[in-house]
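Novice: Take a look at the letters that make up each chain.
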Amino acid sequence: MSLPLHLRSYREKSKDELTRDFFNVPLQSSLPGPSDPPSVVKLRERPYKNGQEELQSMDINAVISVEGKEEVYAGRLSLLPPFLCFISLDRKSCRYTIPLYTIRRVERLNSRAGVFALSLATWHGMRIILQLTSLLPTAEHFAILLRDALKSQLSAMKQLKPFLPSLYSEYLLSSPVSTAAAQQQTDHLLLGTELNEKAGNVGTEAESDLRGPGGEGKGIYQRGLGEQFGFPGDARKMRERSKMKLWREYFMIHGRNLTLLRYPPFQRLLQVGLPSRLRGELWEVMSGSVYLRFANPETYGLLLSQNAGKSSQSTDEIEKDLNRSLPEYKAYQSEEGLARLRRVLVAYSFRNPELGYCQALNIVVAGLLIYMSEEQAFWLLEVLCDRILPGYYSPSMEGTLLDQRVFESLVHRCLPMIQEHFVSVDVQISVASLPWFLSLYINSMPLIFAFRIVDCVLAMGVKVLFQIGLAVLKINGEALLEVTDDGMFINLMRSYFATIGDSAHPDHPDPRVRAITNFQELLVVAFREFNVITDETITAERKRLRAIISDEIEKFSKRAAVRNLKNIGKFSKEQIGIIYDHYFSAICSPEAGPSTYPGSSPLPGDQFDQPRIQVDAQGRVETRIDHRTFRVFLSQIATWAREETVTTNAFIQRTDRRVADHELIDRLFFAWDSQNQGTLSLQDVVLGLNRVMTAGLMESIEWFFELHDKDKDGFLTKDEVIQLSESLLFIFRNEPGDIYLAAVSKFILNAYEFGDATAPEGSVDEKIPIHGDRETASGARERSDSSAGPHNLPYLNLATFRMVVLADELLENFFANDLTASFQLEQTGDEDYHQAHQRPEGLLGGLMNLVVTNENKNRLNRLADGFGAALGKHAEWRKPSLTKTVESSTSSGDLKARESLLTPAQQAAQFQRPTPPRQRSSSAVSQASTKTVESTTTIGTPDEKRSLADVEARYREESQMVKAAQEAVMHRPNFAIDAIGDSDDDGEGEGDDVMDEVEAFLKAHGDDDEGLKGEQKKVAEDLLKAEPVGKGKKKDSSSASTGNLVDL
Amino acid sequence: MAEETPVKAVQVKLVLLGEAAVGKSSLVLRFCQGDFNENTSPTIGAAFLTQKCRLENRIVKFEIWDTAGQERFHSLAPMYYRNAQAAVVVYDITKAASLEKAKAWVKELQRQANANIVIALVGNKLDLVSESSTSPAPPASSEAPAEEEEEEGSSEEPSATPTPNETESDDARQVSTAEAEAYAKESGLLFFEASAKTGHNVGEIFTEIAKTIPFDTIVPKSTTNTSGNRRSGNNNNDNGSNNNVNLGEGQQAKKGGCC
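For the protein sequence lines, the chains are A and B, in the order given. For the first sequence, counting from 1, position 768 maps to 768 in this note's numbering; every step adds exactly one. Every position in the second sequence, counted from 1, becomes a number in this note's numbering once 1048 is added.
If you're looking for bench data, these hints aren't it; they were derived computationally from the structure. Nothing here was measured: the structure is a model prediction, and the numbers come from that model. Where hints are given, some of them may not hold.
Stated by the list, open to error - In silico DSS-like pairs for lysine-lysine, Cα to Cα no more than 25 Å straight-line:
#: 1; chain 1: B; residue 1: K1245; chain 2: A; residue 2: K555
#: 2; chain 1: A; residue 1: K555; chain 2: A; residue 2: K570
#: 3; chain 1: B; residue 1: K1245; chain 2: A; residue 2: K570
#: 4; chain 1: B; residue 1: K1155; chain 2: A; residue 2: K573
#: 5; chain 1: A; residue 1: K555; chain 2: B; residue 2: K1233
#: 6; chain 1: A; residue 1: K566; chain 2: B; residue 2: K1109
#: 7; chain 1: A; residue 1: K543; chain 2: A; residue 2: K566
#: 8; chain 1: A; residue 1: K573; chain 2: B; residue 2: K1151
#: 9; chain 1: A; residue 1: K320; chain 2: B; residue 2: K1151
#: 10; chain 1: A; residue 1: K320; chain 2: B; residue 2: K1233
#: 11; chain 1: A; residue 1: K570; chain 2: B; residue 2: K1155
#: 12; chain 1: A; residue 1: K558; chain 2: B; residue 2: K1233
#: 13; chain 1: B; residue 1: K1245; chain 2: A; residue 2: K558
#: 14; chain 1: B; residue 1: K1233; chain 2: A; residue 2: K566
#: 15; chain 1: A; residue 1: K555; chain 2: A; residue 2: K566
#: 16; chain 1: A; residue 1: K566; chain 2: B; residue 2: K1151
#: 17; chain 1: A; residue 1: K15; chain 2: A; residue 2: K543
#: 18; chain 1: A; residue 1: K320; chain 2: A; residue 2: K330
To be verified - Listed below are several chain A residues computed to face chain B (Cβ distance under 10 Å; list not exhaustive):
#: 19; residue: P4
#: 20; residue: H124
#: 21; residue: R127
#: 22; residue: G356
#: 23; residue: G487
#: 24; residue: N491
#: 25; residue: D551
#: 26; residue: E552
#: 27; residue: R563
#: 28; residue: A816
We put the beta carbon where it would ideally sit given N, CA and C, even for glycine.
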């Protein structure tokens, strides 16, 4: 049993992180510095080393242009060291991420009228002109930060040279730079191959085409299995050569690989499918995984060599799945292909042991390896798991569950008829859509199409998965409304995907329309009609639904954990549930956080970074708690295992709980550790509690005795008697009055007296053996105590102990009632933890959100204490563990209200006790103040009221801004896709450039994309045609961007 | 069982559960396609297959959800077993731990799934244990399914003593027939030991389930079936892609009575 602990530590991403995500830039902390050792195992947070400060990020408005390119874009330039990123104002036309180590020169340009302009020259000579349009001082500050960031990359620049040959684009461009000559050469080469082809030389096509110019054999670029085993699909039909040529031209002007700029043609080239040879490289560039590969050149090799021969649960699982990862592809019928797949999956499982291996990764990686080298695939896998598909493959798969719910909610919004129908026939969309998301459609449709979807996902993010999914449902809308059960739904989807390469309009008179495939139609619907699904939509929906999913996962694992307990003692199901909740919340509590784990590297041999998780003999993962966590756990259940400080000031009364620390608690821990593992499972805790909570007088006396009889010989030594008394005093420590102290003193005296009388003669003087496992700080202390000779003699047996206890009415009462009753199973209030902690989003909710943070609570508490102290009305006292009520004082009612946690049984067993002395001073005030601890503050004095009102007003203001922003996100134009089955060709060209372009492109290229079969004559013609179309597009986009045009 | 129902295909939703790599997918494949493929296609979430099974007086169309066995997919399982009328919980007789997991599944099904769900416990990989333990004849199809388990018990193989042998010897059995059977009996499950590789006992599992299902309670489902026919009318390529059904029917012909 392992528990989904990580859900509680989830936090929303910061703005900086979101920006970095948007630009596919890794966090600065995940990039090793020049002096760092290669990072092998993935770290959650890399602590910043002394002296190495994080370089500052900065945003600035800028206008950029590239030499050789007419277009000029205004937008936002972000310095995210060590990257420089840009996004045009419309957020789609122009976008780039450039690592600073590729920049050779930066010059400030002499320009007129105080325009601050910089010229950046990349290592291959591309010149980018940046006009910083902010105020001059801002621009200068930016330039300084840029300079610092550039300086920090000097050493990285040296790594550039050895890195570049690993990129296919460099190989492709390695012809003479003179463009005209290269152009001619390429054209000639390409035409040459085409002529060959025409001559019927189809078999060698894969080998002969596009090795790149130069023709001096194979480069040393990183390559996928496809180079060896052939890429899926018919290269000619997929028009690989034309695509390659277009990309080559694109690279010449817009930079390549690490310096690739995304201009409008990029989007078009992307959406017609990437050419096979370039695909791997473009994947890693678009997703940003190439930056990780650059920054961690040794990691992959080290992971493999360091873990060679090791096996784990993950490696076993990987082994089982190797043979079912795209088995239809040739390479995976060979040892070579399987070995690569194995190495990547195994390396990643050691890199990220918390995730390990998840079924479906085998499919994804098998797909990647067709186009990428092992190392490339490895880093892309990291980016997929971390950023693009967060939580999809984690042990509780919360990301998958969440996105399925998000998808359902989007279906509900965009295709309500389908959603309603599915609800009415009780079919879950996820039965079909789950594998779409988990394997990026790779297993759902023919490979050549699936990879085109992967192209788009890696370039544009996870929203593509949703857009495609919605489009699939919409296109099949009519048939879906006929579905009555899971089986029909699955079959319908299967047959749709099986025919996705067929014509979408087979009976249309126009051959150009006939040539449009189902897949092209799918893309058009996805990107045109569902372009309303943006990154922001997904983020907002995830945020809205995350708490629900987290609670469901926690409840699910709770049910499973409770169900799988072998022995639940005398507890009811509900009580077990409460114990589970405490157990779980103790593990999640920050106080239980492993202080020994500073976020550096995990302990060697520790498979998980949470030492509370163990792997048992059968390789199963089990959550157990250590004694630190146990203390937290017990403090939630046993009244004496916590320190409760009640603070009263002029305004409020509150109770602060802290975890108590005493040997007694550790004794219980070790007593309950049935298997001497040094940790407790839920089962251990349940049985332990079962014993103490169901005990009557005699049983209580017995377990308490045993707890202190360390060597289990049935006798307490003198030392142990003392320790037992200390334990009693610890329990009684906050009880008012002297009677408990008196009772314990009497107990010691009696114990010694009767013990002396009954002590066995000539007992062996032995040291108390201390179990190795049980050695703790307190254990060590005991050992030093126990070396004191005669004190160690066995001394007091159970019968005598019982007699001594029963001799005292107070102790008798304690063992008969109070001790058992001091263990209380109260609801934790953790039911729907995540939803409870996710504040509502409305105006009031937003306000609450802003006000009720723990930090604010503490701040307010301190403030109130300060006021109280100033007024002389501040008081604190320790809440007693056993005392029930305080009689007849003014504050008694008050105290009663606070003690509502007490069980009726306890209240029945009341003792008469004097009022805690210090309480009186505060009582008058506290009567006027709030009663319950958790409730929000009631305002006591006008002063305070005013200051709170100020705070409130400020928060209201802020929350209104929040609300406005939320509305902006939520409010989007309506779109008419609810009517299922309407054709897609009605005019929806409402100025959406990209989508129009795609459509136009598809129309123009409909015939040469997947198009007409066997029309080889046309190929050369098409090739010539392709270029003008591209140029036409350029014109389009430049006219579209005139709004952004800035005269330099 | 309602013996008098006219011959008519009744749909039964069946879910396969069990630890990873105990051979769930292979069992289904064997059942649906009559062959054994070492490289079964991967199961993401759950694979969906259908197969028809002929009883004396009715045709049962199994809609089989073959779920992923990896632990982390556990939380997805309810999506597949809800509304299921039958479940096959598979363990690997050469892996003791897999029976524990199977027991957990049974518990979960009994609490969370359909109240009338018919559960069969299946020990797979009978081909991996020594010859003598595979040899006993499969229980001949009997009329009363309730007695089926006992019959199987009576034909208990002598060599089924649990002698877990780490070395790659012929007897890799870790779960004795007696132990698993006793558990199955106690929990009210159908019980089989089978081999997806040889096909031993595979058809019997599904036949017995078909016999055991209280069809009276799911008669309304047969209306679903008529609508299913309507669907196949307007969606013809459905049959083309889903050749599992066709293959299965071919297998029926081959195997004759059993399936």
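Novice: Determine for every hint whether it applies to the structure shown.
Specialist: Evaluation of the provided hints:
For a cut-off of 25 Å, the pair hint linking B/K1245 to A/K555 is broken: about 39 Å separates their Cα positions. Proximity of A/K555 to A/K570 is assessed by CA-CA distance (about 22 Å); at most 25 Å being required, the pair is judged to hold. The hinted pair formed by B/K1245 and A/K570 fails the criterion: a straight-line CA distance of about 47 Å is larger than 25 Å. Among the hinted pairs, B/K1155 with A/K573 is consistent with the structure: their alpha-carbon atoms are about 15 Å apart, no more than 25 Å.
About 31 Å separates the Cα atoms of A/K555 and B/K1233, which puts this hinted pair outside 25 Å; it is violated. This hinted pair does not check out: A/K566 and B/K1109 have alpha carbons roughly 38 Å apart, beyond 25 Å. With a C-alpha separation of about 38 Å, the suggested pair A/K543 and A/K566 falls outside the 25 Å cut-off, and the hint is violated. For a cut-off of 25 Å, the pair hint linking A/K573 to B/K1151 stands: about 20 Å separates their Cα positions.
Among the hinted pairs, A/K320 with B/K1151 is consistent with the structure: their alpha-carbon atoms are about 23 Å apart, no more than 25 Å. In summary, the hint linking A/K320 to B/K1233 is not supported, as the alpha carbons are separated by about 32 Å, beyond the 25 Å threshold. Of the supplied pair hints, the one linking A/K570 and B/K1155 holds, its CA atoms being roughly 20 Å apart against a limit of 25 Å. Using a Cα cut-off of 25 Å, the hinted pair A/K558 and B/K1233 is violated, with the two alpha carbons roughly 28 Å apart.
Taken as a hint, the B/K1245 and A/K558 pair is broken in the structure, with Cα atoms around 37 Å apart against an allowance of 25 Å. This hinted pair checks out: B/K1233 and A/K566 have alpha carbons roughly 20 Å apart, not beyond 25 Å. Of the supplied pair hints, the one linking A/K555 and A/K566 holds, its CA atoms being roughly 19 Å apart against a limit of 25 Å. The suggested pairing of A/K566 with B/K1151 holds, with an alpha-carbon distance near 12 Å, which does not exceed 25 Å.
In summary, the hint linking A/K15 to A/K543 is supported, as the alpha carbons are separated by about 15 Å, within the 25 Å threshold. At most 25 Å may separate the alpha-carbon atoms for a hinted pair to count; A/K320 and A/K330 meet this at roughly 19 Å. Residue-level restraint check for A/P4 holds (minimum Cβ-Cβ distance to chain B is 9 Å; threshold 10 Å). About 42 Å separates the beta-carbon of A/H124 from the nearest beta-carbon of chain B, more than 10 Å, and the hint is not met.
The interface hint given for A/R127 is violated, since its Cβ lies 48 Å from the closest Cβ of chain B, which is over the 10 Å cut-off. With 10 Å as the threshold, the beta carbon of A/G356 comes within range of chain B, its nearest partner Cβ sitting at about 9 Å, so the hint holds. Given hint, A/G487 at the interface with chain B, holds; its Cβ is 4 Å from that chain's nearest Cβ, closer than 10 Å. A hinted interface residue such as A/N491 counts as satisfied when its beta carbon comes closer than 10 Å to some beta carbon of chain B; here the least separation is about 5 Å, so the hint holds.
With a cut of 10 Å, the hint placing A/D551 at the interface with chain B is violated, because the nearest CB-to-CB distance is about 12 Å. A hinted interface residue such as A/E552 counts as satisfied when its beta carbon comes closer than 10 Å to some beta carbon of chain B; here the least separation is about 8 Å, so the hint holds. Residue-level restraint check for A/R563 holds (minimum Cβ-Cβ distance to chain B is 6 Å; threshold 10 Å). Checking A/A816 against chain B: minimum C-beta separation of about 38 Å lies over 10 Å; hint violated.
When held up to the earlier numbered hints, the structure conflicts with 1, 3, 5, 6, 7, 10, 12, 13, 20, 21, 25 and 28 and fits the remainder.
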